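Using the sequences and the accompanying hints, generate a full structural model.
Here's the letter readout for the chains.
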Amino acid sequence: MPDDSPVTAPFASPRAGILPFRLPTGAVWGLGLATVLGAVLLPIATVLAHLFVPTGDLWTHLASTVLPRYVANTLWLIAGVGALTLIGGVGTAWLVSLCRFPGRRFFSWALLLPFAMPAYVIAYTYTGLLDFAGPVQTGLRDLFGWTGADYPAPNIRSLPGAIAMLSLVLYPYVYLLSRSAFLEQSICSLEVSRTLGCTPAQAMWRVALPLARPSIVAGMALALLEALNEFGAMQHFGVDTFTTGIFRVWLADGSPAAAAKLASVFLIFVFAILALERRSRGRAAFHHMSIRYRPLPGWRLTGWRAAFAVVFCATPVVFGFAAPAGALLWWTWLSAAEVVDADFIRLLVTSVVLAGSAALVTVAVALFLAYAARRSASRLFRGLTRLAALGYAVPGAVLAVGIVIPFAALDERINALGGEIFGLSPGLIFSGTVFALLFAYAVRFLAISYGAIDGGLSRVTGHMDDAARTLGANATGVVRRIHAPMLRPSIAAAGLLIFVDVLKELPATLLLRPFGIDTLALRTYEYATDEQLVEAAPSALAIVLAGVLPVILLSRAMRRSSEPREAEEIAPIAAGTPV
Amino acid sequence: MTSAPPGPDLSIDGLTHRFDRVAALEDISLEIGGGQILALLGPSGCGKSTLLRLVAGLEAIQRGSIAIGGRKVGAAPGPDLPPEQRNVGFLFQDYALFPHLSAADNVGFGLQHLGAAERRNRVGEVLERVGVSGLAGAYPHTLSGGQQQRIALARALAPSPGMLLLDEPLSDLDARQRHGLADTLLAVLRETGTTAVVVTHDPEEAMYVADRIGVLRDGRLMQFGPPTAVYDRPASPFVAKFMSDSNRLTGIVGESGIIDTGWGTVDSGSLPPGRSAQVLIRYQGVGIGFDVANSGAVRARVLRSRPIGGNTLVVLEAADRPGETLYARTPARHAPWEGDCVAVTLDPAHVFVFPSANAK
Numbered sequence: 000m001p002d003d004s005p006v007t008a009p010f011a012s013p014r015a016g017i018l019p020f021r022l023p024t025g026a027v028w029g030l031g032l033a034t035v036l037g038a039v040l041l042p043i044a045t046v047l048a049h050l051f052v053p054t055g056d057l058w059t060h061l062a063s064t065v066l067p068r069y070v071a072n073t074l075w076l077i078a079g080v081g082a083l084t085l086i087g088g089v090g091t092a093w094l095v096s097l098c099r100f101p102g103r104r105f106f107s108w109a110l111l112l113p114f115a116m117p118a119y120v121i122a123y124t125y126t127g128l129l130d131f132a133g134p135v136q137t138g139l140r141d142l143f144g145w146t147g148a149d150y151p152a153p154n155i156r157s158l159p160g161a162i163a164m165l166s167l168v169l170y171p172y173v174y175l176l177s178r179s180a181f182l183e184q185s186i187c188s189l190e191v192s193r194t195l196g197c198t199p200a201q202a203m204w205r206v207a208l209p210l211a212r213p214s215i216v217a218g219m220a221l222a223l224l225e226a227l228n229e230f231g232a233m234q235h236f237g238v239d240t241f242t243t244g245i246f247r248v249w250l251a252d253g254s255p256a257a258a259a260k261l262a263s264v265f266l267i268f269v270f271a272i273l274a275l276e277r278r279s280r281g282r283a284a285f286h287h288m289s290i291r292y293r294p295l296p297g298w299r300l301t302g303w304r305a306a307f308a309v310v311f312c313a314t315p316v317v318f319g320f321a322a323p324a325g326a327l328l329w330w331t332w333l334s335a336a337e338v339v340d341a342d343f344i345r346l347l348v349t350s351v352v353l354a355g356s357a358a359l360v361t362v363a364v365a366l367f368l369a370y371a372a373r374r375s376a377s378r379l380f381r382g383l384t385r386l387a388a389l390g391y392a393v394p395g396a397v398l399a400v401g402i403v404i405p406f407a408a409l410d411e412r413i414n415a416l417g418g419e420i421f422g423l424s425p426g427l428i429f430s431g432t433v434f435a436l437l438f439a440y441a442v443r444f445l446a447i448s449y450g451a452i453d454g455g456l457s458r459v460t461g462h463m464d465d466a467a468r469t470l471g472a473n474a475t476g477v478v479r480r481i482h483a484p485m486l487r488p489s490i491a492a493a494g495l496l497i498f499v500d501v502l503k504e505l506p507a508t509l510l511l512r513p514f515g516i517d518t519l520a521l522r523t524y525e526y527a528t529d530e531q532l533v534e535a536a537p538s539a540l541a542i543v544l545a546g547v548l549p550v551i552l553l554s555r556a557m558r559r560s561s562e563p564r565e566a567e568e569i570a571p572i573a574a575g576t577p578v
Numbered sequence: 000m001t002s003a004p005p006g007p008d009l010s011i012d013g014l015t016h017r018f019d020r021v022a023a024l025e026d027i028s029l030e031i032g033g034g035q036i037l038a039l040l041g042p043s044g045c046g047k048s049t050l051l052r053l054v055a056g057l058e059a060i061q062r063g064s065i066a067i068g069g070r071k072v073g074a075a076p077g078p079d080l081p082p083e084q085r086n087v088g089f090l091f092q093d094y095a096l097f098p099h100l101s102a103a104d105n106v107g108f109g110l111q112h113l114g115a116a117e118r119r120n121r122v123g124e125v126l127e128r129v130g131v132s133g134l135a136g137a138y139p140h141t142l143s144g145g146q147q148q149r150i151a152l153a154r155a156l157a158p159s160p161g162m163l164l165l166d167e168p169l170s171d172l173d174a175r176q177r178h179g180l181a182d183t184l185l186a187v188l189r190e191t192g193t194t195a196v197v198v199t200h201d202p203e204e205a206m207y208v209a210d211r212i213g214v215l216r217d218g219r220l221m222q223f224g225p226p227t228a229v230y231d232r233p234a235s236p237f238v239a240k241f242m243s244d245s246n247r248l249t250g251i252v253g254e255s256g257i258i259d260t261g262w263g264t265v266d267s268g269s270l271p272p273g274r275s276a277q278v279l280i281r282y283q284g285v286g287i288g289f290d291v292a293n294s295g296a297v298r299a300r301v302l303r304s305r306p307i308g309g310n311t312l313v314v315l316e317a318a319d320r321p322g323e324t325l326y327a328r329t330p331a332r333h334a335p336w337e338g339d340c341v342a343v344t345l346d347p348a349h350v351f352v353f354p355s356a357n358a359k
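Protein sequence lines correspond, in order, to chains A and B. Take 0 as the starting number for the first sequence in numbering that gives the first Met the number 0 and just add one per residue. Take 0 as the starting number for the second sequence in numbering that gives the first Met the number 0 and just add one per residue.
I should point out that these hints are in silico values taken from the structure, not numbers from a laboratory. A hint or two may mislead.
[Said to hold, decoys possible] Label-pair ranges, simulated between beta-carbon atoms:
(1) A:Arg458 with B:Ala3: 35 to 45 Å
(2) A:Leu66 with B:Arg20: 51 to 61 Å
(3) A:Arg385 with B:Gly322: 54 to 64 Å
(4) B:Asp171 with A:Asp517: 52 to 62 Å
(5) B:Val21 with A:Arg458: 27 to 37 Å
(6) A:Gly476 with B:Tyr207: 28 to 38 Å
(7) A:Trp204 with B:Gly322: 53 to 63 Å
(8) B:Gly179 with A:Gly476: 32 to 42 Å
(9) A:Val310 with B:Thr141: 33 to 43 Å
(10) B:Gln111 with A:Asp517: 43 to 53 Å
(11) A:Gly476 with B:Val21: 26 to 36 Å
Bear in mind the structure is a predicted one, so any value in this text is a computation, not a measurement. We put the CB at the ideal spot given by N, CA and C, even for glycine.
Printed below as a string of structure tokens:
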């Protein structure tokens, strides 16, 4: 049958629907998506390909000597950080959301503060606090009249020490997600369990925890991915993991190919965590039945129970934020006069410009993806846009390897061609430039901005677009008068989250830094490597202070999340944590 | 009451629409006069919302043409005006209020061409007219569904569109809010002379508000006409069943043009003898008498008799054919008791005969 009527192509959509600019047709959106996907998958594919590339003796040597240690350390790290963040994160979340005890409201936001503390900063700080000349040991010696080293002092620079440091700053992932899961649970399901004869504690074990399980697992997965990504703390503590191994093989042995091979084995661990998280979520889809949030009645704690709750919640706040932040403040006071000079200001400006540019680029790409997904009716297309968020799982060091190898090859090819044709070589264009660095940031943090912006955009329903059109607004008017004001909080949240994440990012920055570029994170790392921990404090403190900004944002949104409308405001921020 | 000149008429010609090759509308043609209210009636997925969106210009036209007030606003091939140039208002089932704007700012959204003072006056006037002037400063999330729909109605009316398009405007509201809003809506439409198209799946709602009803099924216009015509002279079994709950019986047309349904005889109309027919009998067309000696009646036993609203729903079982049932609706005061033996008669005004579907 001849059919000359227009057929809706995968990219066609109701025309007044979304961003109906005439120019970007389906092909343009498709091309854009292909570019973004290619950019995200390039480093991952490069690294995975090295699983099958023979790299000769060096790899054989590595495999027989250090690889078993990397694997063992990584497994210990997963077990240790997993257990501690689970107990700390879920325990504190349960206490502050389902119990009543003195200081509960304070703890509900203060428990987020360790988020502001990068793992390497807390590791450096505790090293300074606990080493032989540090205030703790000095104090103990003065107190008990000990001399020399004739007393047992736990060595913080060890695998258990690393697990403790990482858990102290990563448990907020579990805390945040399980807390919002507890809050989202319909009060009815908890009350029903009480009418069915459960005590408050039983209600927790039999109803609240099982319902929150997907969120808890998602939080743990994020914490573990961060733990695997950690470089600075591991390096400083001398704990060999894949991340530090990649650095050594690349920088010391000068073999990017062997580093990529190591990275490919590393990626298997990463994907295993992702797969486990998916699996635990996939088998049961938990929906909360009630849209309205009602303040949970809470179990009033008294006596030793209340005291235990206070101590339990205070521990991570004190050791994960207050103590190290205090130490950083004190050391900054001591060293500021010497360290904070014109050079430091330049450092600050470089960091801010770099992080700001990365935030701009990443938010722009996320906006494009979110609109592409919104425009498209095709499920495949929407699935692909989600695939573009995969970069968040890839550790910075792996990403750096996966970017340098193809970029360097490309530069080589360009220079060879340039030499042949024009007799000149343009030098490094992609590798070893700010381009490579921004590329890495965008790939790694795209999920954060995409989550926030897609969440914000989903609140602009198609009918709102339609309503605006029938009320006389044209396409640009819809974007200007409806989308822009409704998306503004999401865009701001996404930008801020990425800004701060880039400011603290260490491994990718260290491996991809162009010559002459120095940032707060790099400077902190360099001082710490030289064991100048007091001198490292000003730059570390600047990073921590920037890190407090998203914590304020989160806690403000959480405080107001008891009302339905404000629950919408937490969405763009909570969505920023890629789940 | 002042009466405004009637709004533009609407003329739809040969409209056909497809989604991924699935036909959503097949060759729809209809016309309504200025100031009239058209109800597009049909089950979900019948294409009625697509038709409404095409009229608004929210969907790109694929084939056919749409003219509002004699002006071609959409045609393929031909011009296809964007929604903002069609001077139509649209009311959505989910209200679609802009959450970042107050009620007053929502209503003022379409009044950009007015100065601030004029806009404020117009917003106040429209809010007052739909009965929510106290809510001007409120944000949508603080309002009930009924209040939100009134704000949405005010927003759609504020720019004085010639035509208002309403997509299931009442279906998300509870019964009390529904009647209140329906009356507000009718009054405003009459006062302003606005032409309106209402999409609904509720025949009672359609009969209540409309001057013309178009019944749609699987993208086809099954019947189009004034409510009484559609109700009293359904053109197909589908329309008859959709407009009112009906029993469906079958029978063969006898020599004298009479069909014996087992529950009484009915006139076959124009069907020739020997033809197999389906007979639709509305619940309210089943008469229940207590004179079981009546020779023209069929005897039945009352299986169930339950009051529902002002009426009683009765399930009858034929006395001589156990298991064969018929539903009846009767005023509560005439209702039989369960177990009663009754005499059943059929009211010809509620009986519709069509050729059997499988014997075309």
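Status of the hints after comparison with the structure:
no., hint, verdict
1, A:Arg458 with B:Ala3: 35 to 45 Å, "holds, 37 Å"
2, A:Leu66 with B:Arg20: 51 to 61 Å, "holds, 56 Å"
3, A:Arg385 with B:Gly322: 54 to 64 Å, "holds, 56 Å"
4, B:Asp171 with A:Asp517: 52 to 62 Å, "holds, 59 Å"
5, B:Val21 with A:Arg458: 27 to 37 Å, "holds, 29 Å"
6, A:Gly476 with B:Tyr207: 28 to 38 Å, "holds, 36 Å"
7, A:Trp204 with B:Gly322: 53 to 63 Å, "holds, 54 Å"
8, B:Gly179 with A:Gly476: 32 to 42 Å, "holds, 33 Å"
9, A:Val310 with B:Thr141: 33 to 43 Å, "holds, 41 Å"
10, B:Gln111 with A:Asp517: 43 to 53 Å, "holds, 51 Å"
11, A:Gly476 with B:Val21: 26 to 36 Å, "holds, 32 Å"
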